[in-house]
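Asks: So the sequences go chain by chain: A and U.
Our numbering applies: residue 394 is where the first sequence begins, and numbers increase by one.
Our numbering applies: residue 7 is where the second sequence begins, and numbers increase by one.
Don't take every hint at face value.
Stated by the list, open to error - A few chain A residues facing chain U, derived, Cβ under 8 angstroms:
hint	residue
1	L436
2	L439
3	A474
4	A478
5	T487
6	N489
As the list claims (entries may be wrong) - Pair by pair, the computed Cβ-Cβ distance ranges are:
hint	chain 1	residue 1	chain 2	residue 2	range
7	A	G409	U	V9	26 to 34 angstroms
8	A	T413	U	Q48	37 to 45 angstroms
9	U	S60	A	E408	24 to 32 angstroms
10	U	F45	A	A475	44 to 52 angstroms
Said to hold, decoys possible - Covered stretches of chain U, as calculated for chain A (at least 3 residues, CB under 8 angstroms):
hint	segment
11	43-53
12	92-102
13	113-122
Simulated from the structure, these hints should not be mistaken for laboratory data.
In this text, a Cβ means the ideal position worked out from N, Cα and C, and glycines have one as well.
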Amino acid sequence: SQQGEEDPQALSIQEGENATMNCSYKTSINNLQWYRQNSGRGLVHLILIRSNEREKHSGRLRVTLDTSKKSSSLLITASRAADTASYFCATGYTSNTGKLIFGQGTTLQVKP
Amino acid sequence: GAVVSQHPSRVICKSGTSVKIECRSLDFQATTMFWYRQFPKQSLMLMATSNEGSKATYEQGVEKDKFLINHASLTLSTLTVTSAHPEDSSFYICSAGGWGSGNTIYFGEGSWLTVV
């Protein structure tokens with residue numbers, strides 16, 4: 394299976410702390426994306442990083458990509474209670490950025 | 007921004023019947039849409055790629071005769087679950103990206119299907 398793995402599976406932190414989630418995958422990719430999902434809802438696109446990029450920022454989010462280790466990390470700084478959700482990494486193996494293989498996800502709880 | 011709409015958001019159907027789920031791109035043209043399913047507390051699994059004007063491409067292990075996909079226009083793809091069984095109960099989510107949306111992929115809000 395090409396499906397990647399994420400760790401931790403669950404993460405509980407206090408508001409204001411940083412949250413780091415990691416994602417590993419198995420074969421070469423074209424791009425890697427991070428998504429957020431609130432319980433029972435659709436997905437919200439957070440960041441797309443291409444295989445030739447190493448780091449991207451968007452607001453309080455920072456994503457890194459290490460293609461030699463086939464891994465990526467998502468850092469959420471200064472977390473808020475509203476950041477409570479499941480976070481998924483998804484790998485794209487073609488230039489079609491919509492065809493994705495999702496990791497198992499990390500459930501983040503931010504306590505107020 | 008670009009929005010993808012799914013309908014219905016929740017549906018209950020009897021075992022053996024068929025149910026159709028619609029996925030619409032509201033303010034951009036989507037040459038390609040994707041259908042995923044998600045069981046409770048699990049990740050998303052890609053079912054198929056819906057191509058406007060041509061046949062869908064199904065992932066390995068997905069029954070094309072059971073999950074019928076039609077992408078008749080640049081703004082609408084439909085997924086029909088035929089002869090539904092309780093094990094088909096799941097969260098079905100579509101995504102779309104194409105002209106006007108840049109590289110960003112937008113997901114619908116999902117459709118909860120319960121087969122009783």
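Asks: Under 8 angstroms, Cβ to Cβ, is where A478/A needs to be relative to chain U, so tell me if that hint holds or is violated.
Replies: With a closest approach of 14 angstroms, the A478/A hint is violated.
Asks: Can you tell me whether the CB distance of G409/A to V9/U sits inside 26 to 34 angstroms?
Replies: Taking Cβ atoms as reference, G409/A and V9/U lie about 32 angstroms apart, which means the hint holds.
Asks: Closer than 8 angstroms between Cβ atoms is the bar; does A474/A clear it against chain U? Give me holds or violated.
Replies: 21 angstroms, violated
Asks: Using the C-beta atoms of F45/U and A475/A, is the stated range 44 to 52 angstroms upheld?
Replies: Check failed, 26 angstroms falls outside 44 to 52 angstroms.
Asks: With a cut-off of 8 angstroms between beta carbons, are at least three residues of the segment 113-122 of chain U near chain A?
Replies: holds (count 5)
Asks: Confirm or reject the coverage of the segment 92-102 of chain U by chain A under the rule of 3 or more residues with a beta carbon closer than 8 angstroms to the chain's beta carbons.
Replies: holds (count 4)
Asks: Given the hint of 37 to 45 angstroms, is the C-beta distance from T413/A to Q48/U inside that range or not?
Replies: Between T413/A and Q48/U, where Cβ atoms are some 23 angstroms apart, the hint is violated.
Asks: Does the CB of L439/A sit less than 8 angstroms away from some CB of chain U?
Replies: 10 angstroms, violated
Asks: Under the criterion of a CB-CB separation shorter than 8 angstroms, is T487/A in contact with chain U as hinted?
Replies: 10 angstroms, violated
Asks: Less than 8 angstroms between beta-carbons is the criterion; does N489/A satisfy it with respect to chain U?
Replies: It holds, given that the least Cβ distance between N489/A and chain U is near 7 angstroms, below 8 angstroms.
Asks: For the segment 43-53 of chain U, does the count of residues with a C-beta closer than 8 angstroms to a C-beta of chain A reach 3?
Replies: Held - the segment 43-53 of chain U has 5 residues with a Cβ nearer than 8 angstroms to chain A, which meets the minimum of three.
Asks: Do the numbers back the hint for L436/A, that is, is its least Cβ distance to chain U under 8 angstroms?
Replies: Holds: closest Cβ of chain U sits about 4 angstroms from L436/A, inside 8 angstroms.
Violation of the numbered hints given earlier is confined to hints 2, 3, 4, 5, 8, 9, 10; the remaining hints are satisfied by the structure.
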